[in-house]
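Asker: Take a look at the letters that make up each chain.
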Amino acid sequence: MSLSPDLLARIRAASDEHGGPRAAMLEALKLIQHEHGWVSDGHLAEAASALGVNRAEMEALASFYSLIFRHPVGKTVILLCDGASCWLNGAEEVREELKRRLGIGFGETTRDGRYTLLNVACLGGCDRAPAAVVGRDRRLVGPLSPAGVAALLEDGL
Amino acid sequence: MTDLPLTGRARPDRRPHTLAEWRAEGGYEAVERARTMTPSEIIDMVEAAHLNGRGGAGFPAGRKWRFMPERGTSPGDGPSYLIVNGDEMEPGAFKDRFLLEAMPHQVIEGAIITARATHADEAIVLIRDEYRPGIAAVEHAIHEARTAGLLGDLTIRVHPSAGRYIVGEETALITALEGHRAVPRKRPPFPAQSGLWGRPTTVNNVETISLVPHILSLGPQRFRALSRTEEGGTKLYGVSGRVKRPGLFEAPMGTTARELIERAGGVSGDGQLRAFQPGGGASGFFGPDQLDLPLDFGHVARAGSMFGTGMLIVLDGSACPVGFLARHMRFYARESCGWCTPCREGLPLVAKILDRFAEGRGRRADLELLQMTAAEAAPRGRSFCDLMGGAMAPLASGLRMFAAEFEARLAEGERA
Ligand code: FES
Numbered sequence: 020m021s022l023s024p025d026l027l028a029r030i031r032a033a034s035d036e037h038g039g040p041r042a043a044m045l046e047a048l049k050l051i052q053h054e055h056g057w058v059s060d061g062h063l064a065e066a067a068s069a070l071g072v073n074r075a076e077m078e079a080l081a082s083f084y085s086l087i088f089r090h091p092v093g094k095t096v097i098l099l100c101d102g103a104s105c106w107l108n109g110a111e112e113v114r115e116e117l118k119r120r121l122g123i124g125f126g127e128t129t130r131d132g133r134y135t136l137l138n139v140a141c142l143g144g145c146d147r148a149p150a151a152v153v154g155r156d157r158r159l160v161g162p163l164s165p166a167g168v169a170a171l172l173e174d175g176l
Numbered sequence: 017m018t019d020l021p022l023t024g025r026a027r028p029d030r031r032p033h034t035l036a037e038w039r040a041e042g043g044y045e046a047v048e049r050a051r052t053m054t055p056s057e058i059i060d061m062v063e064a065a066h067l068n069g070r071g072g073a074g075f076p077a078g079r080k081w082r083f084m085p086e087r088g089t090s091p092g093d094g095p096s097y098l099i100v101n102g103d104e105m106e107p108g109a110f111k112d113r114f115l116l117e118a119m120p121h122q123v124i125e126g127a128i129i130t131a132r133a134t135h136a137d138e139a140i141v142l143i144r145d146e147y148r149p150g151i152a153a154v155e156h157a158i159h160e161a162r163t164a165g166l167l168g169d170l171t172i173r174v175h176p177s178a179g180r181y182i183v184g185e186e187t188a189l190i191t192a193l194e195g196h197r198a199v200p201r202k203r204p205p206f207p208a209q210s211g212l213w214g215r216p217t218t219v220n221n222v223e224t225i226s227l228v229p230h231i232l233s234l235g236p237q238r239f240r241a242l243s244r245t246e247e248g249g250t251k252l253y254g255v256s257g258r259v260k261r262p263g264l265f266e267a268p269m270g271t272t273a274r275e276l277i278e279r280a281g282g283v284s285g286d287g288q289l290r291a292f293q294p295g296g297g298a299s300g301f302f303g304p305d306q307l308d309l310p311l312d313f314g315h316v317a318r319a320g321s322m323f324g325t326g327m328l329i330v331l332d333g334s335a336c337p338v339g340f341l342a343r344h345m346r347f348y349a350r351e352s353c354g355w356c357t358p359c360r361e362g363l364p365l366v367a368k369i370l371d372r373f374a375e376g377r378g379r380r381a382d383l384e385l386l387q388m389t390a391a392e393a394a395p396r397g398r399s400f401c402d403l404m405g406g407a408m409a410p411l412a413s414g415l416r417m418f419a420a421e422f423e424a425r426l427a428e429g430e431r432a
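Line by line, the protein sequences give chains E and C.
Using our numbering, the first residue of the first sequence is number 20, and each one after it goes up by one.
Using our numbering, the first residue of the second sequence is number 17, and each one after it goes up by one.
No lab work stands behind these hints: they were computed from the structure.
One or more hints might be untrue.
Said to hold, decoys possible - Below, in silico cross-link-like pairs of lysine-lysine (DSBU-like), each with a Cα-Cα straight-line distance of 30 Å or less:
(1) Lys118/E to Lys368/C
(2) Lys118/E to Lys94/E
(3) Lys260/C to Lys118/E
(4) Lys49/E to Lys94/E
(5) Lys49/E to Lys118/E
Unchecked claim - Stretch-level coverage of chain C by chain E, calculated; a stretch enters the list once three of its residues show a Cβ under 8 Å from a Cβ in chain E:
(6) 103 to 117
(7) 195 to 202
(8) 261 to 272
(9) 327 to 336
Model, not experiment: these values are computed from the prediction.
Just so you know, even glycine gets a beta-carbon here, dropped at the ideal spot from N, CA and C.
Looking at chain C on its own, in the form it has when it is part of the complex:
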């Protein structure tokens, strides 16, 4: 079980534990432990464990928490907040769904400990509306923990969202909780200075929060040693797309795509790996030459892509990469919040051009337009938040990697 701290206790049918069952498995011992520690001691441990945030950016969790002011030291009145981000909507990601549905008490434990470390008085778990079983499981776990007096003076509730990918962006999420259309905010000020209702706020992903209790139980050394690289812990990887048995695999941080694809039963379709995205929809493509790269935030970034959610999407030799990119771009175009012009206008244009290419009606001038858009917008170009830059990463790398396919889909007269 200690090899698989996140999922070792999960049941095959995903039925969540009752509080009694969870405690019988050692649940809430980490919370007891945390209560004997100061916030700063908890952060020391998390830093020593090398825990990187699992929502996509990979920012060190402990460092993020240190930005939070101690009780009574931030100007003005009001609580500080912890927000657990369960708005999982990145194409190819299905890990938080599992953690919410099958391991809700793990999320609550992590939230209690993180709230203590960050001086937060209130915790809000935001979950996308489509995850009804997850919402129900977490609400029930909160109820049980509260009744048993395990929450201490922490207030905690679930906020079900109602669609829209951008809500998962940490500043847009704060705007959403305040009851506005979910438009991202400029940073700085960072949420730790001015977050929900202008109060100090930490936003952490469900997987990050779920790992926290294990750092306390195992100790930072053993937690770090679960990883093969500098980045601590295990990772809940996933593999989908053209593989025989898509699924989730908890494995040491730094596991390779070769191992993960093998665990997913190998490549389906024509059986030949054409390319894969290592970190979900907004990550640049890797080819078969990167199959043995250790997959963590650092290695993937140095190899020119993004580890993001750590959820692999696999393309075989018979999949049309142009059509695949068109799919992605239509998603990002639809999910743009509409605030800034490059994203609102640019993404639908890109999607439309890609659709044309996918149908074999591409034009050379459009190919140049795609290249220009990708080059100017990626990685963090002229749009207000990272949505467009994120979308342009697979486009830019796809235009390079699939140049022959694009060329082949130019319209008859344009090919010459």
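For reference, chain E alone in the conformation it holds in the complex:
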């Protein structure tokens, strides 16, 4: 499936807002991800030609950023903080409970495509440790506990 004409138009417009095609590459990747959940090779190539930039350079940029997904992810992405303050407050137990309940490891997506588990650096939520951000609007949740994981997963639906 190609990028919609509307999305391509917004990608071209980003070029003016961000100071040129190269500087707009990240915004283009985000626009694609916002619409499709991740950035496929085909979409990346289309955006690169819409901007008139080298596809390899766009790929280099996409692979640099940890929150640009180059593989399909689940409907709800759970980014669990693996920072030190969360670690001090029981993040490991929450991590194990998430893995157990979903039957997947970090970096994986459930078979039904509902959840992806990822690690993330300190979320600036150390006052709510252990913390995570959940879903497309990156909602901050915490303090989490193993017992609270079930409720969190229901919420994420």
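Chain E is fixed; fit chain C with the ligand onto it per the hints.
Answerer: Then chain C with the ligand, alone, in the frame of chain E:
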């Protein structure tokens, strides 16, 4: 409110003010005031207020601004830039999140005034992608200010990032805004000479920018007097880790860890303070003997650590300091931009060795390797930027302070 200029007007639920609400509380009066002053007069005030940058290095803000060339005096064409750094990602730091979410108009006011002082034509607020409420709040505040004609001829926009700690390093941030992988640049040239697209650029942290309007409103003397030390103003401190009520506390610069930990409800876990980091993940450890040290850039540096973000991470007696260090090192290893070999290769090795120790499988030869790496890389050793040196500071001080714990985690046969 003047005791707590940064947070006094914040609401408990963090709901940001509309422009009308903000103006009713005196918002944008400082901006009006700034418009009657020359850039140099604004800088004089900021210097007299002794404002140190709050992003980590503590460099005097006014002095940084003076490096910026006056309009029309820098060679070549094009604008000058102000970048507000909201890429808060240092482990243990959660202050800029609050300032962006709850006080967005304060950030905009600070940006307008700072742009005037630094002859900047455009301001960019870079915010990490995970801070969606902060991004939305600042974008909305910009929209309101623009509609009300408060921006004057300043162009201002938000640039949401997409992960990666190194983007917060001021030269890497400039590289990132240009659309490259965020690799730091060598200084000199400093951004004030050659920054974004080769143009004069100032990069300031969100907290620094948020303080600027208050210097104009209160005047430099009163602003300085908010502090207990030579360094002016209040500080948005934070306490997390093993404390009962982790949180943010705006307090006079120079407040002690004893007072802050008390405000955070005291030490949790076994209730005994083992150690704390005074300035986030990359700061060396202090023990209970430093509880009464005034926490500011100067005092903490003279005591052998770094004030950094001013966000304390507390370890109690039951926390495993070796496992804690391993956590930190895995973070820095993952977030290395990969540009230079010592950092790209060295940090994962250090992290792996620490993991082994944490599991009780340490080897004496590895302990020596850790000591050697920390000694050679810290504080500003052989890596291209400060990421690795920063990571080595807690390792070096941790190896000293927690020597007994490391010894205890040597593998069976290695202990003898
Ligand atoms: S360490 Fe997890 S939010 Fe800061």
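Asker: Do three or more residues of the stretch 195 to 202 of chain C come closer than 8 Å to chain E, measuring C-beta to C-beta?
Answerer: Since three or more residues must qualify, the claim that chain E covers the stretch 195 to 202 of chain C holds, with 4 doing so at under 8 Å.
Asker: Is the hinted pair Lys118/E and Lys368/C satisfied, with a Cα-Cα distance of at most 30 Å?
Answerer: Given that 30 Å is the threshold and the Cα spacing comes to 23 Å, the pair holds.
Asker: Just to be careful, I want the Cα atoms of Lys260/C and Lys118/E compared with a cutoff of 30 Å; is the pair within it?
Answerer: holds, 28 Å
Asker: Hinted pair, alpha-carbon criterion (30 Å max): Lys49/E, Lys94/E. Please report holds or violated.
Answerer: holds, 16 Å
Asker: Given that the stretch 261 to 272 of chain C was listed as covered by chain E, double-check it with a C-beta distance under 8 Å for 3 or more residues.
Answerer: Per the Cβ count (3), the hint holds.
Asker: Taking 30 Å as the top limit, are the C-alpha atoms of Lys118/E and Lys94/E close enough?
Answerer: holds, 17 Å
Asker: Report holds or violated for chain E covering the stretch 103 to 117 of chain C, Cβ cut-off 8 Å, minimum 3 residues.
Answerer: holds (count 9)
Asker: Taken at face value, is the distance from the CA of Lys118/E to the CA of Lys49/E at most 30 Å?
Answerer: Since the Cα atoms of Lys49/E and Lys118/E sit roughly 28 Å apart, the hinted pair holds (cutoff 30 Å).
Asker: Check, residue by residue, whether the stretch 327 to 336 of chain C contains three or more positions whose beta-carbon lies closer than 8 Å to a beta-carbon of chain E, and give the verdict.
Answerer: Since 4 is at least three, the answer is holds.
Consistency with the previously given hints is maintained throughout, with no hint failing.
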